[in-house]
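From first to last, the protein sequence lines stand for chains C and R.
Residue numbering for the first sequence follows our numbering, starting at 240 and increasing by one per position.
Residue numbering for the second sequence follows our numbering, starting at 66 and increasing by one per position.
These aren't lab readings, by the way, just hints derived from the structure by calculation.
Just so we're clear, the structure is a prediction, and the values are computed from it rather than from any experiment.
Wrong hints could be hidden among the right ones.
Only pairs whose alpha carbons sit at most 20 Å apart, straight line, appear in this in silico SDA-like list of lysine to any residue [claimed, not checked]:
{"hint": "1", "chain 1": "R", "residue 1": "K151", "chain 2": "C", "residue 2": "L254"}
{"hint": "2", "chain 1": "C", "residue 1": "K252", "chain 2": "R", "residue 2": "E229"}
{"hint": "3", "chain 1": "C", "residue 1": "K323", "chain 2": "C", "residue 2": "A286"}
{"hint": "4", "chain 1": "C", "residue 1": "K252", "chain 2": "R", "residue 2": "L370"}
{"hint": "5", "chain 1": "C", "residue 1": "K527", "chain 2": "C", "residue 2": "K512"}
{"hint": "6", "chain 1": "C", "residue 1": "K282", "chain 2": "R", "residue 2": "K132"}
{"hint": "7", "chain 1": "R", "residue 1": "K230", "chain 2": "C", "residue 2": "L254"}
{"hint": "8", "chain 1": "C", "residue 1": "K512", "chain 2": "C", "residue 2": "F534"}
{"hint": "9", "chain 1": "R", "residue 1": "K230", "chain 2": "C", "residue 2": "A286"}
{"hint": "10", "chain 1": "R", "residue 1": "K358", "chain 2": "R", "residue 2": "E377"}
{"hint": "11", "chain 1": "R", "residue 1": "K139", "chain 2": "C", "residue 2": "L353"}
{"hint": "12", "chain 1": "C", "residue 1": "K282", "chain 2": "R", "residue 2": "S190"}
{"hint": "13", "chain 1": "R", "residue 1": "K139", "chain 2": "C", "residue 2": "S249"}
{"hint": "14", "chain 1": "R", "residue 1": "K139", "chain 2": "C", "residue 2": "F534"}
{"hint": "15", "chain 1": "C", "residue 1": "K252", "chain 2": "R", "residue 2": "S190"}
{"hint": "16", "chain 1": "R", "residue 1": "K151", "chain 2": "C", "residue 2": "S249"}
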Amino acid sequence: MPKKQTGKVSDWKGLRDGSAKGKSRAKPVSWRARLRSVWVWTKRIAAVAAVCALGYGAYYAYENIYFEEILGADSRPIRQIAFKTDGAIGGAWMNSYLKIRNGSKLTDVNIFSLKQAIDALTQIKSSEVERVFPDTLRITISEHKPMAKIIVRVDYEDRIFLMSDEGVFFRPICISDADIAKLLYISGIKTPFSGSAPATYPDAARLKEFIDFAKSENPEHFAVWYAVDVSEISSITLPLLTVTTKDGVAIVFEPKDYKKQFDRLQYILRYIKENPFNRVEKMDLTLKENSLVKFAPEKSK
Amino acid sequence: MSKSKTVAALEIGTGKMQVFLGEIVDGKMLNFVGSGQAMTAGVKKADICDVVKAAARAQAAIVEAEKSASAQIKTVCLGISGTHIKGFRNTGSANVSGADAIVRREDIERATEDARSKTLAEGRSYIHRICSGYFLDGKYCADPVGMRAEHIDVEYWMLYGDNEKISDALHVVQSFGLEVEHLVFSGIASALAVTDEKQRENGVLVVDIGCGTSDYSYVKHGRTVQAGVIPIGGDHITNDLSFGLQLSRKDSERIKIHCGKATITEDEKSQKFWKLGDQQIGDKKIPMDAINKIVRARLEELFLLLRDELDEFLIEDGIREIVLTGGTSNLNGICELASAVMELPCSKGKFASAVQPCLRYQEYATALGLLEYARREEEVASAKNTGWLGGMFSTIFKL
């Protein structure tokens with residue numbers, strides 16, 4: 240058997256400079272080659288530019304052109320705005336807010352910008368704007384339900400924000416002053432804003448449980464509650480909720496085992512009602528075996 | 066859906082740059098779609114000596130071809146020739162590994178690897194490594210797979226060239242932003258164009274006599290057994306006439322074309338040919354015999370050199386006939402002379418019926434052969450990519 244050769248066998252393919260593969264183009268040697276090189280690059284740049292223009296055109300069309308009109312849907316002036324909500328905002332207010340001109344054609348309305356405007360309202364949880372051909376614009380919104388209220392100082396001015404049961408803070412729209420007055424004030428929240436937008440309160444679920452329990456257990460007494468201090472609700476050592484009634488009584492709750500605490504409160508309220516004591520200043524329902532009731536001094540009787 | 070590919074065949078010759086554009090459909094059908102031609106510059110004896118000039122002319126021919134076909138090409142099948150091209154025979158061997166002594170594909174692969182793996186001296190690269198045939202225990206076999214033998218030999222004809230010259234040829238194309246898909250020795254390409262399957266099976270020697278060199282290719286059993294370059298071409302005859310008859314090169318070329326004959330009869334010997342043809346002062350009569358002697362001497366030298374190169378195949382009666390092609394093969398009586406020297410029947414190249422009549426010229430043999438070579442390679446490639454999945458993958462990879 241012949242001795243096998245070792246080493247690299249060279250082939251003409253190894254001599255190709257790879258210029259045609261676009262890696263390192265060999266320098267053109269004639270004016271025709273240079274002209275061709277320019278032509279090839281011009282075509283490539285034109286192709287890239289055309290693809291970019293096409294992409295931008297498609298995006299522009301998606302944003303601005305109403306395909307329903309192009310596709311031949313019958314478009315007439317808006318005759319009805321079908322407004323549907325699960326909250327307090329009324330159709331009239333929404334109309335004045337959106338400022339849809341009378342006689343506007345259904346296809347002339349930019350539903351994307353309408354939705355954007357609606358979603359900008361903090362009270363809106365979600366919204367849907369759609370055209371119902373031939374002449375109806377349907378707006379469906381879902382609102383945050385107020386659970387409590389908070390006063391925030393913004394631009395040297397005190398403003399009322401409401402808090403939903405999901406902990407979202409929002410500015411009230413179409414919610415009557417009477418309804419707002421019925422809501423408990425919340426104190427002890429340090430940063431109700433995250434940047435320029437209102438933040439979400441993380442312990443909203445625990446607070447909601449407390450308020451719901453209070454409303455259901457003793458609605459008459461809940462009616463005299465004025466504020467609740469939640470500064471200690473997340474304390475690791477001694478979590479507390481301090482309620483202040485309209486006549487200045489402080490009631491301290493522990494955010495657990497509400498049944499026991501409300502039974503004690505019920506008993507204390509009934510006992511005070513039956514016996515002529517001084518005005519109560521503070522009730523602490525968090526102790527293990529008993530409850531602490533502090534009365535006002537004699538002179539304030 | 067039919068798959069179409071446009072390919073260009075470029076022949077960088079000593080006399081002209083020839084570009085043919087062909088459309089290969091499904092790797093089976095070849096349609097001629099355009100052509101371009103330019104006078105050569107920067108090429109001597111088929112070797113590129115001035116890349117810039119050669120590239121300019123080649124690119125002019127490519128542009129002309131593209132314009133004639135209204136198509137833009139990306140890949141080129143480049144024909145190469147020149148005195149730097151040499152060849153040698155290398156045999157690879159392997160013992161049949163199976164206990165049943167049946168030749169398997171692995172045995173052939175081992176022998177092939179042995180034959181192909183010979184390294185060249187520094188500065189040289191292979192252009193072709195062509196399998197000339199298989200031998201089982203010393204006997205020729207067309208397809209050895211499944212045959213019974215103890216030993217298998219594979220013969221390869223290794224055609225190589227000078228790195229610098231090959232790079233120059235490649236650069237002519239690549240500097241134009243085109244890719245060289247196939248680099249083909251002109252002699253092999255010409256053989257594809259002017260012979261048919263039967264001739265290639267029986268054993269044919271194709272000699273492409275060009276301007277600067279003569280490329281030959283001996284094909285037997287459908288395989289190229291030997292190919293090479295003889296450094297004699299039509300320009301040598303012109304030069305000889307110029308020196309011998311004291312004529313300008315231009316007149317010598319004209320005389321060669323119009324009355325150059327490789328063999329003449331006794332009657333023709335006494336004929337005379339006017340140098341200028343106007344029979345005025347300065348014109349002179351040149352005896353036909355003198356012209357014939359000069360032409361004949363050079364051509365005899367060519368065929369004798371060929372005979373020396375292919376001596377072993379002449380003795381063994383391997384070559385059945387000679388086919389002459391290339392521009393110089395248009396000389397009258399050249400076939401008779403070749404037949405007398407080589408002692409074999411000789412004829413001029415005949416093109417396949419598919420070739421358009423306007424292209425059936427011996428000068429175009431190489432360019433037409435290059436297109437045919439590209440078609441065959443495409444056919445092999447498409448046979449590998451069978452099935453819609455393979456086709457899809459190949460399309461994606463091409464992208």
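Do the alpha carbons of K358 (chain R) and E377 (chain R) lie within 20 Å of each other, as the hint requires? violated, 29 Å
Does L254 (chain C) sit within 20 Å of K151 (chain R), going by the straight-line distance between their CA atoms? holds, 18 Å
Would the hint linking K252 (chain C) and E229 (chain R) be met if the CA-CA limit is 20 Å? OK: K252 (chain C) and E229 (chain R) at ~13 Å, within 20 Å.
Given hint K512 (chain C) paired with K527 (chain C) - CA-CA distance at most 20 Å: Judged against 20 Å, a Cα distance of about 24 Å means the pair is violated.
Holds or violated: are the alpha carbons of K282 (chain C) and S190 (chain R) at most 20 Å from each other? violated, 36 Å
Hinted pair, alpha-carbon criterion (20 Å max): K252 (chain C), S190 (chain R). Please report holds or violated. Given pair K252 (chain C), S190 (chain R) holds - Cα atoms ~9 Å apart, limit 20 Å.
Verify the proposed pairing of K151 (chain R) with S249 (chain C), using a straight-line Cα cut of 20 Å. holds, 15 Å
K230 (chain R) and L254 (chain C): Cα distance at most 20 Å? The given pair, whose Cα atoms are some 10 Å apart, holds under the 20 Å limit.
Check the hint pairing K252 (chain C) with L370 (chain R) against an upper bound of 20 Å on the C-alpha distance. violated, 31 Å
Has the given pair, K323 (chain C) with A286 (chain C), been kept, meaning a C-alpha gap of at most 20 Å? Distance ~49 Å between K323 (chain C) and A286 (chain C) Cα, so the pair is violated.
Taking 20 Å as the top limit, are the C-alpha atoms of K139 (chain R) and S249 (chain C) close enough? Violated, because 25 Å separates the two Cα atoms, which is more than 20 Å.
Given the hint that K230 (chain R) pairs with A286 (chain C), does the C-alpha gap stay at or below 20 Å? With a Cα-Cα distance of about 37 Å, the restraint between K230 (chain R) and A286 (chain C) is violated, given a limit of 20 Å.
The structure does not agree with the numbered hints 3, 4, 5, 9, 10, 11, 12, 13, 14 stated previously, though it agrees with the rest.
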